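Protein chains in written order, with our numbering: chain P, 1 to 118; chain H, 1001 to 1217.
Worth flagging that the hints you see were computed from the coordinates, not collected in a lab.
Hints should not be assumed to be uniformly reliable.
Said to hold, decoys possible - Stretch by stretch, here's where chain P covers chain H in the computed footprint (C-beta under 8 Å, at least three residues):
| id | region |
| --- | --- |
| 1 | 1050 to 1061 |
| 2 | 1106 to 1118 |
Stated by the list, open to error - Non-contacting residues of chain P with respect to chain H, defined by C-beta distances greater than 12 Å in every case (computed):
| id | residue |
| --- | --- |
| 3 | Val67 |
| 4 | Glu82 |
| 5 | Gln117 |
These numbers come from a predicted model, not from an experiment.
Quick reminder that beta carbons are idealized off the backbone N, C-alpha and C, glycines included.
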Amino acid sequence: MLMHCAAGPFFNVHLLIRPRCPGLPRFNNPYEVTVPRYQARVLVNLRSSVLDPAGEATRSAAFRLGVDGVSKLRIGKSVELELEAPDEDEARRRLELLSDRLLANPVIENWTLELQQS
Amino acid sequence: MSVGVVVFPGSNCDRDVRWASEGCLGIPTRYLWHEERDLSGLDAVVLPGGFSYGDYLRCGAIARFAPVLESLVDFAARGGRVLGICNGFQVLTELGLLPGALTRNRNLHFICEDAELEIASVRTPWTNAAKASDRITLPIAHGEGRYQCSDETLRQLQEDDCIAFRYLSNPNGSVGDIAGITNAEGNVLGLMPHPERACDAVTGGVDGRLLIKALLS
Chain P
1 MLMHCAAGPF
11 FNVHLLIRPR
21 CPGLPRFNNP
31 YEVTVPRYQA
41 RVLVNLRSSV
51 LDPAGEATRS
61 AAFRLGVDGV
71 SKLRIGKSVE
81 LELEAPDEDE
91 ARRRLELLSD
101 RLLANPVIEN
111 WTLELQQS
Chain H
1001 MSVGVVVFPG
1011 SNCDRDVRWA
1021 SEGCLGIPTR
1031 YLWHEERDLS
1041 GLDAVVLPGG
1051 FSYGDYLRCG
1061 AIARFAPVLE
1071 SLVDFAARGG
1081 RVLGICNGFQ
1091 VLTELGLLPG
1101 ALTRNRNLHF
1111 ICEDAELEIA
1121 SVRTPWTNAA
1131 KASDRITLPI
1141 AHGEGRYQCS
1151 DETLRQLQED
1161 DCIAFRYLSN
1171 PNGSVGDIAG
1181 ITNAEGNVLG
1191 LMPHPERACD
1201 AVTGGVDGRL
1211 LIKALLS
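Just need the whole structure built from these sequences, with the hints factored in.
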């Protein structure tokens, strides 16, 4: 990839230079770009109208363990992700698409998204 | 006139389907590896049972993105017949070719037994060789076969006469005793029972021939 670069106020010319590998250390790499990284967690739960027999079985095991008073137990999934995106809105857009089309099946599941920049 | 049987990593009923169609009924059949996109020359495609991609995430959730299924969506839109059996039914719901979803059996057991079914609709080519309310017996073998859908979807299925098979004795808690459904057009059928395991008299019963024959009828 070639890039145009202003050489400075004393030289009214534009130089063509090749940006160096972004992986090189900063002192040797004037074009290092840091893309924001985000950490996300998507929680996937069965919709309340959908029976959760595995949750019911676990609830009865809680009773056998001697833990009383567990009146509701429903099992979901937690998906942890790290991703790079230009900004938070874009990160959110990508994660919402991912959650809705892959991580959860909206016919039977709901999902919630927790997002923070790392 | 020939039939394709999709082979995903983790499919385990692909050979049974081929034995039923080619071995028992003489229908030319070829396998379709999950990365294949060429469905030319096929009149029907079967998504067989098994555990596609290990059933990771949800049954059928990863299989939905297989290259062969991109072609299958076009194939179905052109009216090609698609039969999804067991895991194949789960894939069809994840893919959106059929409504609803299949969830964990109510009693948490992996159920492996014969199930008596009522033919609930003879509207489509899959079952129009039978009479309404005829009963057939097919084996079931699944841990996640409890059909679930919204009340609205259920009403729509009934209005469009899309419920193809119902269990006489509901084994898994499916809404409306549903064992299999078609799309409104009638060219796509998904069901949890295994018709391919009831085609060879040696293994007990030939009621499944109705559906395997219907691939090309």
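How the hints compare with the structure:
1. 1050 to 1061: With 3 residues close enough to chain P, the hint holds.
2. 1106 to 1118: holds (count 3)
3. Val67: holds (20 Å)
4. Glu82: Nearest chain H Cβ is 18 Å from Glu82 of chain P, so the label holds.
5. Gln117: Holds: least Cβ distance 26 Å, greater than 12 Å.
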